[in-house]
Amino acid sequence: MSEKIRVLLAKPGLDGHDRGVKVIAAAFRDAGFEVIYTGLRQTPDMIVNAAIQEDVDVIGVSILSGAHMTLFPAILDLLKEKKADNIILFGGGIIPDEDIVELEKKGVDKLFTPGTSTDETIEYVKKTVAERKKDEKIM
Amino acid sequence: MFDKEFLDENAENLKKWDQEAEKFRAKKSRPRFITVSGEEVNELYTPADVDGAEFNNKVGYPGKYPYTRGVHHTMYRGRLWTMRQFSGMGTPKQTNERYHYLLKNGQTGLSVAFDLPTLMGYDSDHPRSLGEVGKCGVAVDSLADMELIFDGINLGEVSTSMTINAPASVLLAMYLAVAEKQGVPFDKIRGTLQNDILKEYIAQKEWIYPPEPSIRLITDLMAFCTENVPQWNTISISGYHIREAGSTAAQELAFTLADGFTYIEAAMKDGQDVDAFAPRLSFFFNAHQDFFEEIAKYRAARRIFARRMKEKYKAKNERSWLLRFHTQTAGCSLTAQQPENNIVRTALEALSGVLGGTQSLHTNSMDETLALPSEKAVLIALRTQQVIAHETGVANTIDPLAGSYFVEAMTDKIEADAEAYLDEIERRGGVVKCVEEGYLQREIARAAYRYQKEIEKKERIIVGINDYVMDDEEIDIPILRIDESVEREQAAFVKDIRAKRDNDKVKRTLEDLTEAAKGNGNTLKAMLDCVRVYTTMGEICDALKPIFGEYVEPPVI
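Sequence order for the protein chains is D and X.
Everything in the first sequence is counted per the numbering used here, starting at 1 for the first residue and increasing by one.
Everything in the second sequence is counted per the numbering used here, starting at 140 for the first residue and increasing by one.
Hints listed in this document are in silico derivations from the structure and should not be mistaken for laboratory results.
All the given hints hold, so there is nothing to weed out.
Distance condition first, Cα-Cα at most 27 angstroms in a straight line; then the derived DSS-like pairs of lysine-lysine:
(1) D:110 with X:597
(2) X:197 with X:143
(3) X:597 with D:126
(4) X:684 with X:646
(5) X:597 with D:127
(6) X:644 with X:634
(7) D:127 with X:592
(8) D:127 with D:4
(9) X:408 with X:449
(10) X:646 with X:634
(11) X:596 with D:110
(12) D:4 with X:596
(13) X:232 with X:327
(14) D:80 with D:105
(15) X:684 with X:572
(16) D:127 with X:596
(17) X:449 with X:197
(18) D:127 with D:83
(19) X:154 with X:167
(20) D:110 with D:137
(21) D:134 with D:80
(22) D:110 with D:4
(23) X:552 with X:451
(24) D:105 with D:127
(25) X:596 with D:126
(26) D:4 with D:82
(27) X:592 with D:4
(28) X:197 with X:453
(29) X:552 with X:197
(30) X:408 with X:451
(31) X:592 with D:126
(32) D:83 with D:137
(33) D:110 with X:592
So here's chain X without its partners, still in its complex pose (with noise of 0.2 angstroms):
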């Protein structure tokens, strides 16, 4: 890309530039030029921080290997990314007015957020759940809930995203016997299906059984959805929790790729063709704060992808080895402090995922370190993405940083820092031996707690915690609560879904799966049927644990 003579005269020229900048460099306008990530960035790149000879090979073309400028051809020209709000709350019927309500302001993907007792596989009447039920999410217990969820919502015209980790296939089950009724058939199913449980032991902490029988869940679940619902996400392969619980990009790019090639092999020894299920393999990164360094993650993570799916895995078909992502701003950047400064962290936030090729994105709402979006907030990060779309013009052409000195600079380097992460992981034995001895955990809290020491000793400045502090702010925006009344509903609601239901058809159910589930029986199969004649997540999940087990986190600060 360069010639000798050009690098030659432009090594002469930085030169030349430096001794005369000198002169200024005793001013720093801040103690420290650092990432979000701690990384050093220098103060200007130029041609010689590019490895110009590479571009054909490195940078490309979008659509064709590697993908360092984008999964497909046209990119946002051809469709604009999916909006995408994550979203959930109460009960059933209130989420359901929620999606209807994002529908018709433009949103053009659901996602559903579900309650911590649904997460963790509990009914809303286990004792387990008091005080929980629909504070983060909408409670589901049976398929009676789902229905009323995706009331008015014909399956066959939406695509929907799952945020579920632990009971992932009896949520999947439900959905589909959601569209069963609707009278969609399999193959017209659009979705994803968080369903990444590495990434729980790592970072956001939502499990029920331990890491080998839960990846057998995954596995069976890919092997069912391979033949029977094609067009299905079967695993969004996460980074952004591995990111909210604090970690640097590097870690964020390295642990989630780990942990999807720890799917891809898993997958592979259970006999299933790589070229078959790598292609519903999604993933799901965070968008932080530093918008160049978000860049270049993106860039970094198409390419690293691409290449260990057509060397390591040998995958041929060219589908296998696209790396196609959903993007949600970051949540921990958000302030409590004067939350309208939000909506701007959200936008620039949004914005790196656009000019990163993201094909999915979720704008957080400015009021969500107070309570779940209201109607209000989740308007404006909706209408975020809109303007972004149609007003600022970065959606014309595709990946519009390649060739910056800067961006390629950092693609490369972060590209490197994730491989050599990637290396150690490997060294030390795969995913599941680094969570068990707590190294991916420590390297998290590390960074987390350097990140925390950086705000305190004013060498990050965060507008509104530590400087530019309003001491009597007055917070003025609406703040949804959900009623204590949701939990009675919910658990009332279980309890007479129980009564009525036909109970043999229950107990029979049950017993198919967990002979399915002692033996080599697809799993999700056996759930579809308990799932249809109303038997509960909670009742599902239980009838695991026996045979499962359940897993117990040493707790490592």
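This is chain D alone, in the form it adopts within the complex (with noise of 0.2 angstroms):
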């Protein structure tokens, strides 16, 4: 038996665009996940707690702000503190090359940039949850 794959998708700060983050997940929808979409206007606190209420597998984050340096870091803060860093975190958005280089080194699984597919984000959380949960059965 599969279990759909979880997927909490989220705008974080003050944004709102929010026409990406939809035809995510649309697409998501379409493929077979499970997409809860918080709306815009979050705060970390408020997606790392319904990340962990709704038990995702996974979280994409969209920024297109600018802001992405102060507010990735936070989600990545809360999820180690509230021992929930099992839960991939993704993103996609503006963000500078070096910026990207950065947010993996803390933590973030991956950041998309314009011109993505959605079927490239779709085998990359099918492909990174299947590794997560390989791994989590040997731990």
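Using the supplied hints, reconstruct the complex from the two chains, each of which is provided in its own coordinate frame.
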């Protein structure tokens, strides 16, 4: 029996541009994931709490406002604090390459940039969740 | 326009041509021939596709009802469109420097981009502003910031557009206060305030209060300006953002006009004379990539608006019938890959805006998928407009594409599609109802998803994204970065302002504002008093929250 992959999609901070996150949400839903979309203006706290409550495998964060170096680390810190850092954190938006390198070093699993296809993100989630579940079985 | 004999002969010729063409049709250069909005485009358009009998009524003449060919008699021969680059970054001082740079290089109007905290009504030192200050526009907390932004710029000599919505009245109050300090009388002030809250709920999503009190703020502003700031465009009723969110051209047109009509009805209900305020309503459209679809859209826009203003709202002043608009080239059409290609995209989109008769134009910079525009990139964007204006000859004659079988057919089609949406919105109870029920948001999200799927199935090619891809490209252009020190500086500055001002006066003016808001007082007038004594924008917005409430959107996918 295969369980549905559970994904929380979130818009943190003040950014209101939700075209991308909604396209991802629709694509994920069509791909068979269980999608929970938090809506706009979420604080890192709200996102992490919702993720834990909804028992998701993955959190996908969309940031186009330039505030990524503040918001991603805040989410990472909270996940660690609440012992929920087995949840995979990925994201997309307007994020310069140097910042992607830094954020991925800090623990963001993957950051996608403009031009990425929804298929690529779907494959990424499937693969990453499968690997994580395998690791957890071994542990 | 075409007599029966001519049309019969045309039909014969078309039939012959069609039979001949059939032997070539097996070979197709692309899988589908659709516009950006997904509309099928015919192989060929002929006199059979246009309503020749209706030329005088439907196409007509520039500056004359129904204005399909343009809102003014002489259009660009009298005055070129305003070259108005949307601009703002970091601190007010940095923004002021960019404004001087743009004016020096031939820009003919100013346009202010504010940062997210300002757009949402938060001061730079608010906890919600963390990480966001100055990142996508200029930070404004008080009149002191506005003074710095316009340092060395005479507000009696420029026109300024301000892209601000939820706290728009506050920013206009600040602009007027700066003018006051410069000694410029209000009746000399020219410019535009975006101030279009309805499209925020629909697309841009930058709000504070719920629809009803937000519309009240707008009608208050309209009343104040009609009397005191007669050259100011009170709203820039916008389709740009609706389109950026993924809508089709017909949706962009219809939803924008529906928003406009909602404001008109609200102001009329408020007792304002339509012929007093309508001449100062303006519009703002996207210039997306499908060249002819966009031109058709602008022409249809003018025609639909003129007709409804005259026939439905019974406006008598001809100036009430004019749909004057600003255009911005489509941000969502730009790619992060091979960014120099964006120069080309922007140029072609700008051209469609000009051929569509825009009054004012912003051209995007090539690097805007990566950052705010660098000086180099924004200069190219500005020069693009200047090349179009002076080197291409397209501005030598008015509405050059009129009479094109294709363009007239498309104008008619998009007009019909938009009218159908306007009727549907009306049937569903109006814009506010549609927003509450998520109808408009869903239409847009569906169109956005369809468009993305077309790209992924390669039914739609985007150069550099799903074809002509360069895997190992290096981005070789300067990228602007907003330093983290901006946030610290702004936060410190606003704290300093709060400490040094007359806080008794601030308290009193805020009390007067809340009184006005609770009753029928003019909120803009009250805000003017607040900003004069350096009440901050955050304080003004916060004061109204308990009275107006705060908007929360139920997430719709």
